[in-house]
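Going down the list, the sequences are from chains A and B. Residues in the first sequence are numbered consecutively from 1, following UniProt numbering. Residues in the second sequence are numbered consecutively from 1, following UniProt numbering.
There could be a bad hint or two in this list.
Here are some, though not all, of the chain A residues that point toward chain B, as calculated from beta-carbon distances under 10 Å [stated by the list, open to error]:
{"id": "1", "residue": "Gln56"}
{"id": "2", "residue": "Pro83"}
{"id": "3", "residue": "Lys84"}
{"id": "4", "residue": "Leu85"}
{"id": "5", "residue": "Thr86"}
{"id": "6", "residue": "Leu94"}
{"id": "7", "residue": "Leu97"}
{"id": "8", "residue": "Lys98"}
{"id": "9", "residue": "Leu159"}
{"id": "10", "residue": "Ile172"}
{"id": "11", "residue": "Asp173"}
Negatives, chain B to chain A, calculated, CB over 12 Å [stated by the list, open to error]:
{"id": "12", "residue": "Asn2"}
{"id": "13", "residue": "Leu22"}
{"id": "14", "residue": "Thr99"}
{"id": "15", "residue": "Asp112"}
{"id": "16", "residue": "Thr201"}
{"id": "17", "residue": "Val206"}
{"id": "18", "residue": "Phe208"}
{"id": "19", "residue": "Thr212"}
{"id": "20", "residue": "Arg214"}
Treat the hints as calculated values from the structure; they're not laboratory data. Cβ coordinates follow ideal geometry from the N, Cα and C atoms, glycine included.
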Amino acid sequence: MLSVTNISKTFGTVKALNNVSFDVHDGEIMGLIGQNGAGKSTTFHSILNFLSFDGQITWNGQPLSASDYDQIGYLPEERSLMPKLTITQQIVYLARLKNQPANVTKSKIASWMKRFAVKGQPNDRIKNLSKGNQQKVQLICTLIHDPQLIILDEPFSGLDPVNADLLKAAIIDAKKRGATIIFSSHDMSNVEEVCDSLVMLRNGQVVLNGTIDGVREQFGRTRLFLTTDWSADRLAALPGVIDVKPLGTERYQLRLADATAGEAIFDQVTAGHYIREFSQQPPTLDEIFRTEAGGPQHE
Amino acid sequence: MNKTWIVTTETYLRQIKSWSFLMLVLMPFLFIAFTFGISYFAVPDAAKSDVAIISSQTALRKSFIKSSDVATTSKYTTQKRAQQATKRGDINGYLVLATKGQRVTATYHGPDELSSGEQAKIQRFLTTAQAQLNLQRAQLTPNQTQALAVQPQFKQRLQKKTASDQIAKRVSFYIIVFFVYLILTTYSSITAQEIAAEKGTKIMEVIFSSTTPRKYFNGKVYGVLLVICTQLLVYLIGGIAVVQLAERSRLTADFWQQNVDVISQVLHNLLSINLLFALLAVLLYTIISAFCGALVTRVEDAGKAAQPVVYLNLLTFAVAFAFQSNPTSPFVTVFSYVPFFSSYLMPLRLINGNATMIEAVIALGLLIVTIIGSMLYIGRIYGGLMLQTDDLGLWGNFKRGLQLK
């Protein structure tokens, strides 16, 4: 288990992290979300000991140290490989630094390349690969030594939906073998789809922390999806409705001031009759991100 | 496997497999081979420079071939065959030896005049042969023969600082200074650029999630040191081969014999504690170059990274040259202990006999302490420097790097 307890980091006059705390358990995937500059990468760099910081970070109850490096798989935000090396040389070198023998790594390369559908041969030079394929090679470098703590900084950026699905499958496989996984992302659908929990940072502070469903429920079931022959104006006039957004023919999304208003709206709209759709939901992660990540001014 | 060693081997193998390293190592040998080649074509070939000796008196002919020092061939024994060989250009010409009326004669036949050296050698042989003939004719008693055999004696009593000694010192100085300058400039640039390029590709975050910056930094320095040792080893083996070749080759054998004292003194000056000064200087400059490489933030600035070290090397090189004829100057004495300068100035003093071995060991000790201190300090801040990617100028980058860790 990874425990981050009250960590703070200041650069000059800028407080990059302010008492950040969270836990990630074995076999759990945590999404670290927040706007650019919120402190996500600084959090990762602190976990990896790249930075000095106040507070404590432990891995399985012990301060994370160089002896734990072999168990870590890290994908930095800025993709980086050695352009003059071949795919095999690059993967073998980085895996050797994780204490995985060269022969073991070499025996795995073909299957990992197939798994991520890398277009190229093991002896191709990195500089001759497309950007997308270079990114896949870097993902292989991150995962090929079966790390127990996986830290991925914006892993989906630059990947098309097909390749994003391949990465999701790899992340879920790592979870199944008990790895602890943290990744940052700006795409809330990926977080919602893959993560068990999330932490949202704003200006270096934790503003949300919990399971995906738990965080969404915190905001109440204030989104109402409705299919009815009522007009938008008529729906907007109902008590407790903030606004109405048409979604299609006779289909609307109503934003409620309070979740409890739903019951009265149901009674009025149905009037005891069947209607095709009445679904009261908490806000999506995307909506929460838009309102919470930037602070009160975004609300 | 030890991660420092993994980085060391990776750095080493990547460097020695590169074309730039191959060219660097082979360049002096290519230069020597080129020089030899030019000399080979410029000087008439061995067979052509030979002179055939023709004589009806076998003893006289054999004696000439054996003792005259003239480049001869015994392949041709008749005047006709020697004439044909000369015509074909197989030999330079032929010399007909004879004894006519108690007079030893030698007649040279060839397209070109013999060199004055060859003529002198022939004249010397003829004088000796004629003297022996005269002695036989005179029928002297043994005492008279002995009295006539007395030769004058020529002796040289040379002072300690002879001209050859001065030449040896000067040659040693030039070789050491240029060798150290070249190797320092080369490796400073290679190291600074490689580190800067690595930083520019941002792969350091991946590497520092696998090993500590100190281990990585040490591994890089050891790798470059191994490369330098490989280069020195190649030079040593190649140098021995060149020496062997120069001793035996007819192109250089004469030169070698004439200058054997100077050459052995130069070799002695090179293969001594001076070599250790050179090696440690490269190590110190490599460490500082790695530091400079870590200060830039973009791959495009990799060339700039080496500049401070290259300029420092240029300065110390210029100082060494300025004081080459004044090695006893107090400035040289003081700065021969100062790391960076000591690698040029202490060898200068040693070559000129102005420094004792104890002084050299003290300078070496200071150099080693500086190297260890630099490695420890830069190893400590290396992580911060390499992960600092804001472009704030060299000084700003340095300060920001210190803030990270």
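Now for the hints, and whether the structure bears them out:
Hint status for A:Gln56 relative to chain B: violated, with the closest Cβ pair at about 17 Å, above 10 Å. The interface hint given for A:Pro83 holds, since its Cβ lies 7 Å from the closest Cβ of chain B, which is under the 10 Å cut-off. Checking A:Lys84 against chain B: minimum C-beta separation of about 8 Å stays under 10 Å; hint holds. At about 8 Å, the closest approach between the beta carbon of A:Leu85 and any beta carbon in chain B falls short of 10 Å, and the interface hint on this residue holds.
A distance limit of 10 Å between C-beta atoms decides the matter here; for A:Thr86 the minimum to chain B is near 12 Å, and the interface restraint is violated. Below 10 Å, beta-carbon pairs count as interface contacts, and A:Leu94 has one with chain B at about 6 Å; its hint therefore holds. The beta carbon of A:Leu97 is positioned within 10 Å of a beta carbon in chain B (closest approach about 4 Å), and the interface hint is therefore held. Against a cut-off of 10 Å between C-beta atoms, the interface hint on A:Lys98 holds, since the closest Cβ of chain B lies about 6 Å away.
Hint status for A:Leu159 relative to chain B: violated, with the closest Cβ pair at about 18 Å, above 10 Å. About 22 Å separates the beta-carbon of A:Ile172 from the nearest beta-carbon of chain B, more than 10 Å, and the hint is not met. Hint on A:Asp173 is violated. Least Cβ distance to chain B is approximately 21 Å, over the 10 Å limit. Some Cβ of chain A comes within 12 Å of the Cβ of B:Asn2; the nearest lies about 10 Å off, and the non-interface call is violated.
Look at B:Leu22: its CB is around 16 Å from the nearest CB on chain A, clear of 12 Å, so calling it non-interface holds up. Non-interface status of B:Thr99 relative to chain A is upheld: no Cβ of that chain comes within 12 Å, the nearest being about 78 Å off. No Cβ of chain A comes within 12 Å of the Cβ of B:Asp112; the nearest lies about 58 Å off, and the non-interface call holds. Against the 12 Å criterion, B:Thr201 falls within the reach of chain A, whose nearest CB is about 5 Å from its own CB.
The claim that B:Val206 is not at the interface with chain A is violated, since a C-beta of that chain comes within 12 Å of its own (minimum 6 Å). Its closest Cβ contact with chain A, about 6 Å, brings B:Phe208 to no more than 12 Å, contrary to its assignment away from the interface. Non-interface status of B:Thr212 relative to chain A is broken: a Cβ of that chain comes within 12 Å, the nearest being about 5 Å off. Remark: the non-interface label on B:Arg214 conflicts with the geometry, its nearest Cβ contact in chain A lying 9 Å away (cut-off 12 Å).
In summary, the numbered hints that this structure violates are 1, 5, 9, 10, 11, 12, 16, 17, 18, 19, 20.
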